[in-house]
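Position chain B relative to chain A; hints supplied.
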Amino acid sequence: MILSIASGKGGTGKTTVATNLAAALECPVRLLDCDVEEPNAHIFLKPEITERETVTAVVPDVDLSKCEYCGACGDICQFSAIVAAGETVMTFTEMCHSCKGCMMVCPTGAISESSRTLGEIIKGVSGQVELVYGSLRVGEAMSPPMIRKVKEEVRTEGLTVIDAPPGTSCPVIESIRNTDYVILVTEPTPFGLNDLMLAAEAVRALDIPFGIVLNRCDSGDDNTHRYAREQGIPILMEIPDKREIAEAYSKGHLMIEAFPEMKVGFKNLMGECVKRET
Amino acid sequence: MKLAITSDGTTLSSETDPRFGRAAYFILADPDTLEYEVIENRQNINLPQGAGIQAARTIVNACADALITGNCGPKAFTVLQKAGIEVLPGAKGKVEDVIEQYKKGAFTPAKSANVDGHWV
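Protein sequence lines correspond, in order, to chains A and B.
Residues 0 to 277 (numbering that gives the first Met the number 0) make up the first sequence, in order.
Residues 0 to 119 (numbering that gives the first Met the number 0) make up the second sequence, in order.
Rather than coming from a laboratory, the hints here were simulated on the basis of the structure.
Since the model is a prediction, treat every value here as computed from it, not as a measurement.
Some clues are possibly wrong.
Simulated restraints on C-beta separations [stated by the list, open to error]:
| no. | chain 1 | residue 1 | chain 2 | residue 2 | range |
| --- | --- | --- | --- | --- | --- |
| 1 | A | CYS98 | B | GLU85 | 26 to 36 angstroms |
| 2 | B | LYS1 | A | PRO106 | 22 to 32 angstroms |
| 3 | B | ASP7 | A | MET196 | 34 to 44 angstroms |
| 4 | B | GLU99 | A | MET196 | 49 to 59 angstroms |
| 5 | B | LYS91 | A | THR92 | 33 to 43 angstroms |
| 6 | A | GLY108 | B | LYS91 | 40 to 50 angstroms |
| 7 | B | LYS110 | A | ARG136 | 46 to 56 angstroms |
Not everything, but these chain B residues come out facing chain A in the computed CB check (under 7 angstroms) [as the list claims (entries may be wrong)]:
| no. | residue |
| --- | --- |
| 8 | ARG21 |
| 9 | VAL37 |
| 10 | ARG41 |
| 11 | ILE44 |
| 12 | GLN48 |
| 13 | GLY49 |
| 14 | GLN53 |
| 15 | VAL59 |
| 16 | LYS81 |
| 17 | ALA82 |
Just so it is clear, CB atoms sit at the ideal spot from N, CA and C, and this is done for glycine as well.
This is chain A alone, in the form it adopts within the complex (with noise of 0.2 angstroms):
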């Protein structure tokens, strides 16, 4: 089973869940971080590194003595990452997306592959947690081919659980796409109620079952109850806002270290999305 952990906004528990729902079970799970523009899943679980792998994209290197500047490469693009102009062909290879749609149409084979180093995948072993997780270049801005390559790591076997970047952009789809269920984590605030609502939608168009987990339950509003009856969609677990919790947070701790009952929760919490995944 491949289970995906997603929010539409940020700093709602999203790792929190991924990473004591990994540790909490007593089975091999293999977790991967696909926030790679801040991997954190790594500050809890501590994992011993054993693999570390830089991961590049293809990007068209141009050989002006073989080019006619007939323009064809420009004209595929769609984003502006060649361009033929008068007799000179130039590449932003920052701006490719790495179709090789250009080195499909030059007529007189000018362009090869190059590449553009994405950032670094790196692995490692917490327990019987193997944590996967991405970390993008500094500088680069497409986080997509990199989620793609830490997604390359995931189990049929098993369980396999992905730790999404927050939203509802193109990283986030990337990072849930053909996954078997999502677990929307929220908190019960307007600005919580508000980006779920948006990310509820953007799963629905992927069609995956989903459910929600509310975390720091006690706080805010009634609102995030209401809106989950109306759609019927499950409240999964509920994570009481407890001073230790974010006490043990700040110190890189899990909250199944802190308390450890806690693990309890966390195991329903896979029964329940096991029991409803289609």
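Chain B alone, transformed into the frame defined by chain A:
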């Protein structure tokens, strides 16, 4: 001599457009005879990225010798520079007034982009 000027309208009495990549129009004028043609830039206005690059390509393909605009970013500047087109930023006011200022030597060619890129 062909002068390309970013404009928000289609005549010499139109206001110059401070933007280059997402300018409404380019007016291609001969500063001596004041004969001109208009190139629409509508296809670039809503581009998520690369508007400056595409606009620069339009200017290169129009065989302009110099570009007068408000601001020019780094990627557009690179394309224009490579094609040997002078970039004259800092335009304000009506297109016809800007042409007069140009003839009096009020503009200095930029050695680099005068603003940062929007994206990366």
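Taking the hints in turn, this is what the structure says about them:
no.	hint	verdict
1	A/CYS98 x B/GLU85: 26 to 36 angstroms	holds, 34 angstroms
2	B/LYS1 x A/PRO106: 22 to 32 angstroms	holds, 30 angstroms
3	B/ASP7 x A/MET196: 34 to 44 angstroms	holds, 39 angstroms
4	B/GLU99 x A/MET196: 49 to 59 angstroms	holds, 56 angstroms
5	B/LYS91 x A/THR92: 33 to 43 angstroms	holds, 35 angstroms
6	A/GLY108 x B/LYS91: 40 to 50 angstroms	holds, 48 angstroms
7	B/LYS110 x A/ARG136: 46 to 56 angstroms	violated, 30 angstroms
8	ARG21	violated, 13 angstroms
9	VAL37	violated, 20 angstroms
10	ARG41	violated, 16 angstroms
11	ILE44	violated, 14 angstroms
12	GLN48	holds, 6 angstroms
13	GLY49	holds, 2 angstroms
14	GLN53	holds, 6 angstroms
15	VAL59	holds, 4 angstroms
16	LYS81	holds, 5 angstroms
17	ALA82	holds, 5 angstroms
The structure does not agree with the numbered hints 7, 8, 9, 10, 11 stated previously, though it agrees with the rest.
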